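Use the sequences and the hints to build the structure in full.
The listed protein sequences derive, respectively, from chains A and B. Per my numbering, residue 215 is the first one in the first sequence, and the count goes up by one each step. Per my numbering, residue 31 is the first one in the second sequence, and the count goes up by one each step.
These aren't lab readings, by the way, just hints derived from the structure by calculation. Just so it is clear, the structure is predicted and the values come from calculations on it, not from any experiment. Note that the Cβ used here is the ideal one computed from N, Cα and C, for glycine as well. Do not rely on the hints blindly, as some may be mistaken.
[Claimed, not checked] Facing chain B, from chain A, some residues (calculated, C-beta under 10 Å):
no., residue
1, Arg276
2, Val282
3, Met360
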Amino acid sequence: MAENKWGMIVDIDKCIGCQACVVACQSENNIPINEEGHFNQRRAIEWIRIERYWEGEFPNVRARFVPVFCQQCDDAPCEPVCPVYATYHNSEGLNVQVYNRCIGTRFCANNCPYQARFFNFWEPEWPESLKNQLNPDVTVRSRGIMEKCTFCIQRIRRSTREAAKDGQEVEDGDRGMSPACVNACPTHALTFGNLDDSDSAISKQSKEELKQPAGSRPGGRGYHMLEHLGTHPNVVYLKKVDKTAEEHEVHG
Amino acid sequence: MQEHVQLSQKKINDDLLAGVLGMPKWWLGAVGFLLLVIATGIGAYGYEINKGLGVTGLNRPVLWGFYITNFVFWIGISHAGIMISAILRLTQAEWRRPVTRVAEVMTIFSLMAALSNIMFHVGRPWRLFWVYPYDFSRGLFMNIRSPFVWDPSAVMTYLIGSTLFVYVALIPDIAVVRDRATGKFAPKIYGMLCLGWRGTPRQWKLQAIAGILLSALVLPVFVSVHSIVSWDFAVAIGVEGWHSTIFAPYFIIGAIHSGVSAVAMIMALAMWMWKLDNYLRPDHFDAIGRLLIVVATTWFFFFFVEWIFALYTLESPELALRELQVFQAPYMWLFLAFLLTSFFIPVPMWLFKSVRRSPGLMFLSTILVNIGMWLERFLIIIPGLARRQPLQFDWGSYHPSIVEILVVAETFAFVALGMLLFSKFFPIIPIFDMKEGMQVREEIKIGRRIVPASIRETP
Numbered sequence: 215m216a217e218n219k220w221g222m223i224v225d226i227d228k229c230i231g232c233q234a235c236v237v238a239c240q241s242e243n244n245i246p247i248n249e250e251g252h253f254n255q256r257r258a259i260e261w262i263r264i265e266r267y268w269e270g271e272f273p274n275v276r277a278r279f280v281p282v283f284c285q286q287c288d289d290a291p292c293e294p295v296c297p298v299y300a301t302y303h304n305s306e307g308l309n310v311q312v313y314n315r316c317i318g319t320r321f322c323a324n325n326c327p328y329q330a331r332f333f334n335f336w337e338p339e340w341p342e343s344l345k346n347q348l349n350p351d352v353t354v355r356s357r358g359i360m361e362k363c364t365f366c367i368q369r370i371r372r373s374t375r376e377a378a379k380d381g382q383e384v385e386d387g388d389r390g391m392s393p394a395c396v397n398a399c400p401t402h403a404l405t406f407g408n409l410d411d412s413d414s415a416i417s418k419q420s421k422e423e424l425k426q427p428a429g430s431r432p433g434g435r436g437y438h439m440l441e442h443l444g445t446h447p448n449v450v451y452l453k454k455v456d457k458t459a460e461e462h463e464v465h466g
Numbered sequence: 031m032q033e034h035v036q037l038s039q040k041k042i043n044d045d046l047l048a049g050v051l052g053m054p055k056w057w058l059g060a061v062g063f064l065l066l067v068i069a070t071g072i073g074a075y076g077y078e079i080n081k082g083l084g085v086t087g088l089n090r091p092v093l094w095g096f097y098i099t100n101f102v103f104w105i106g107i108s109h110a111g112i113m114i115s116a117i118l119r120l121t122q123a124e125w126r127r128p129v130t131r132v133a134e135v136m137t138i139f140s141l142m143a144a145l146s147n148i149m150f151h152v153g154r155p156w157r158l159f160w161v162y163p164y165d166f167s168r169g170l171f172m173n174i175r176s177p178f179v180w181d182p183s184a185v186m187t188y189l190i191g192s193t194l195f196v197y198v199a200l201i202p203d204i205a206v207v208r209d210r211a212t213g214k215f216a217p218k219i220y221g222m223l224c225l226g227w228r229g230t231p232r233q234w235k236l237q238a239i240a241g242i243l244l245s246a247l248v249l250p251v252f253v254s255v256h257s258i259v260s261w262d263f264a265v266a267i268g269v270e271g272w273h274s275t276i277f278a279p280y281f282i283i284g285a286i287h288s289g290v291s292a293v294a295m296i297m298a299l300a301m302w303m304w305k306l307d308n309y310l311r312p313d314h315f316d317a318i319g320r321l322l323i324v325v326a327t328t329w330f331f332f333f334f335v336e337w338i339f340a341l342y343t344l345e346s347p348e349l350a351l352r353e354l355q356v357f358q359a360p361y362m363w364l365f366l367a368f369l370l371t372s373f374f375i376p377v378p379m380w381l382f383k384s385v386r387r388s389p390g391l392m393f394l395s396t397i398l399v400n401i402g403m404w405l406e407r408f409l410i411i412i413p414g415l416a417r418r419q420p421l422q423f424d425w426g427s428y429h430p431s432i433v434e435i436l437v438v439a440e441t442f443a444f445v446a447l448g449m450l451l452f453s454k455f456f457p458i459i460p461i462f463d464m465k466e467g468m469q470v471r472e473e474i475k476i477g478r479r480i481v482p483a484s485i486r487e488t489p
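Following this line, the structure appears as structure tokens:
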């Protein structure tokens, strides 16, 4: 079986801030319903969140949307600080959270520069009508432990298992394997796949987009979020194509 | 120097055992009040366990709050014990004699309070023992790269070391109590506790060797404990204002600052409560005041250097954090209060001899220092978390809830109760050490006056 290193590409140019990924994630991963109160307490749990920034002065105001979720860093700051190995790196490049080990020191969340980790301040609750829609493949987390984006590891596991049953390998771009957010995105801003497979769409695209400018050839749009911290994330962001900003850059 | 008060051996025994053998009127009332505060705190903690950490004021950017602040504070207070008893013993500072036990006992109880704060802090305290190499049934050793594994081992080493230290120094005094205790159980219990002490030369020799050995062995802990506590913050690359390489020495000197101040505070309290005016003389407050000037100034130097390090980088997240600390309410007011209480009010006060020799003023100024040092830890921990990183979307703030305030009050009551109980059942001033000090004291003549030269022990 080939090596797997799961990664994602986020094209900010395509993101319209519709929050479909957020909703898909909530229902796939048994995340409790975030009510207004949870947001006011700043204790809402959103494994993927759309950060919205306003740019410019009125009337030339533009919204910028940045989907932020766990970057599955190769050198994850959250991993060395956990005293009980509740978070560790698995062989497929994923940063895994083991709920049963977690004692809730919240050190990992402090150390995560992307703020992608969430603490269960309360026992999770669902309205009676939603109890039957909980995903049986995902643990319901109790209060007092951390959780975060898993790249929908249950879907990856299911797909690889079923492919192995037929003696095959998972197809690139298999919708059954892609995380819920990727499937839900109406503008295909999110791409998921195997970075170690040189034939996969994501590895080709990330290689192309991460190229530095050389000579007259312009560089790609790709970058890693907070690159200077040296966390080596497995998520590549693609810059927004912004004509006015480019002009501004040239003239300013 | 203070005029020498000559006390007979019997007078010393009677004075120092008055609390142990008798029962002052205020004692039961004070214990009752502290128990009430502790019961309220435990009730609040039970509520927190039952409902989850949602009952605290913590939220997503600010995931560490009052409990960790309080943890660092109590670890800081605990540094008094080592500073006073080990370092002053090894450097033969004579004035330490009546103070050592107060400092050491405070070390023990404040370490317990610090450990309990970690228990309040974590999400699932019933699994907290997993940070110790204990639960091998899971086939999983703890992650030794995490400062939260270093912390408990350092704190437990310190706790065991200083408990032994106190106990070894206590044995001859327990024997004195045993000989004088009346009633059915008291002589038996004290008899068991003093391990058959008869005061033979061999026993004295062993006791002295054990004391010196323990104070030397516990010295490395002096450096390690608070360094490790500072690394809880210094290893966090994700938080501006935390990942500073100067944190280890800065935290240690801050710990000594708050710890020695707390000793002066407890000394004044013990003097008033147990009427120890003949033993805790203005001399002692004077000496501790001078020590505090040195410690506070060194601490302030480190504080200054830490700021210079931060500003020198000219990184915008770091600058934004410092701006938040200094110019934005409510941190602005806390920062002002912190500067005034931890340095700018007490240190000029201590420069005056009349202040240093007055227990009341020393009590007030050292309380100020401890308020300031508590605020210092708060100001390091909270603003750093509230303004994390360039992702401004998730900036936040923090207000403690009533549960957290009650639980924090509980830790203060716990330490106070511990000190009160200890000083009721054991002599809080080491009797044998006092008498030993009298043996080595020399009188020297300066001009017309004869003053005690109680500076150095005879080698």
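Practice prompt. Please write out, lowest number first, the hints stated earlier that are contradicted by the structure.
Written response: 1
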